[in-house]
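Chemist: Below are the chains, spelled out letter by letter.
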Amino acid sequence: MLWIDLIVLTFVIFCAIAAITVKDLLATAILFGAYSFMMCLLWAVMGAVDVAFTEASVGAGVSTVFFVAAVFRTSRRTKD
Amino acid sequence: MKLLGFIVVSLAGALLLYGTQDFPAWGDPQSPASVHLSNDYIEKAVDQTQVPNLVTAVLADYRGFDTMFETAVIFCAGLACFLLLRDFSKKRERYYRHVSTGVILHVKNQEKKLTVGNEFEYMDKDWVPSDLIIKTICRILIPFIQIYALYVVAHGDFSPGGGFQGGVIFGASFILMAISYNLKTLVNRIKEKVFGIFAAVGVLIYVGIAALCMPMGGNFLDYSKLAPLIPGDPGHIRALGMLGVEIGVGIAVTAAMAIIYINIVSEGRHDEGL
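Sequences listed follow chains E and R, in order.
If you count the first sequence from 1, position 4 lands on 4 in this note's numbering, and the numbers rise without skipping.
If you count the second sequence from 1, position 13 lands on 13 in this note's numbering, and the numbers rise without skipping.
Honestly, I wouldn't trust all of these hints.
What the hints assert, rightly or not - If we take Cβ atoms under 10 Å as the criterion, some of the chain R residues that face chain E in the derived model are: (1) Phe164; (2) Gly166; (3) Met257.
Read the hints as simulated data drawn from the structure, not as lab findings.
Here the structure is a predicted model, which is why all the values come from computation and not from measurement.
Backbone N, C-alpha and C fix where the C-beta goes; we use that ideal spot for every residue, glycine too.
Sequences are here, hints too, so could you generate the full structure?
Modeler: Given below as structure tokens:
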């Protein structure tokens with residue numbers, strides 16, 4: 001199972017770095033969703049299915065919608 | 001400034017990595033976490049509570065006090081979004097669209113309201129034509145999402161899930177309705193007051209069940225003392241208490257998610273949104 005861990009962890013780090021470097025905040029929101037989904041896979045591999053379920057529904061689902069809603073009401077581009 | 005930030009973050013990361021050296025090895029049976037309480041929970045939880053899912057048993061029974069305040073935190077999050085963002089000013093202009101011709105009316109007089117139905121429909125500045133495919137698919141999908149959410153709440157004792165996850169999924173079905181139609185459809189169908197009352201009622205169910213144990217002669221959250229109130233197998237009473245508590249959590253979380261979404265997406269005006 002080690003190779004699954006390695007692949008998913010690589011994706012987690014990739015998503016995290018991409019989320020803070022991308023200028024478009026909508027893309028950041030989606031990347032956060034992807035990050036949460038990868039973390040959900042990691043929890044599931046570790047056997048913490050309850051945490052994985054919470055991460056999938058809250059982290060990847062609802063909080064992405066909240067981020068998109070906030071971006072929709074503010075500005076889509078960062079200054080830095 | 002960016003370089004300084006990078007140095008600070010790298011230093012903090014290095015310190016955290018250094019700190020992880022003191023962690024016990026992965027799966028170490030002698031680590032402090034698995035010496036004291038964990039064994040007790042794993043050995044006795046099923047006998048004591050009749051709940052096969054240990055996570056639920058720990059969260060809703062052994063650590064019930066913790067979960068109660070977690071629910072209160074969710075309720076406070078919804079309340080804070082409402083208090084910070086809700087805009088009660090009446091001054092607003094409305095846009096209507098005549099369905100058959102596509103003519104758009106801009107009504108500046110605030111007292112004048114058109115009845116919305118087959119002839120006119122609401123629209124706003126960020127209006128996009130509603131897509132028939134998206135509407136139909138979401139209309140088919142929403143009841144299934146809600147049934148699944150109820151299943152997750154009711155089946156939390158036996159499988160992964162519980163009030164929190166089920167409530168979030170139920171709230172997500174409302175959000176999907178607001179996105180696929182428009183925000184007004186949701187706000188007209190379920191009034192904001194109803195969401196507010198439900199958020200409070202959910203917390204109240206939890207606290208009520210917990211407090212009911214005290215006049216029955218037990219401690220706060222001691223579900224086993226509720227046995228005289230509910231007919232049936234008294235050995236199963238703690239599982240039933242947990243189910244009641246989970247339902248309260250589910251109601252509170254559903255309402256809080258909907259309140260947060262509606263207030264964020266419309267800047268508190270409750271008229272136009274995604």
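Chemist: All hints are to be evaluated individually against the structure, with a verdict given for each.
Modeler: So, going through the hints one by one against the coordinates:
1. Among the interface hints, the one on R/Phe164 holds; its C-beta lies about 7 Å from the nearest C-beta in chain E, closer than the 10 Å criterion.
2. Annotation: interface hint on R/Gly166 holds; nearest CB of chain E at approximately 9 Å, less than 10 Å.
3. Look at R/Met257: its Cβ gets to within about 6 Å of chain E, closer than 10 Å, so that hint holds up.
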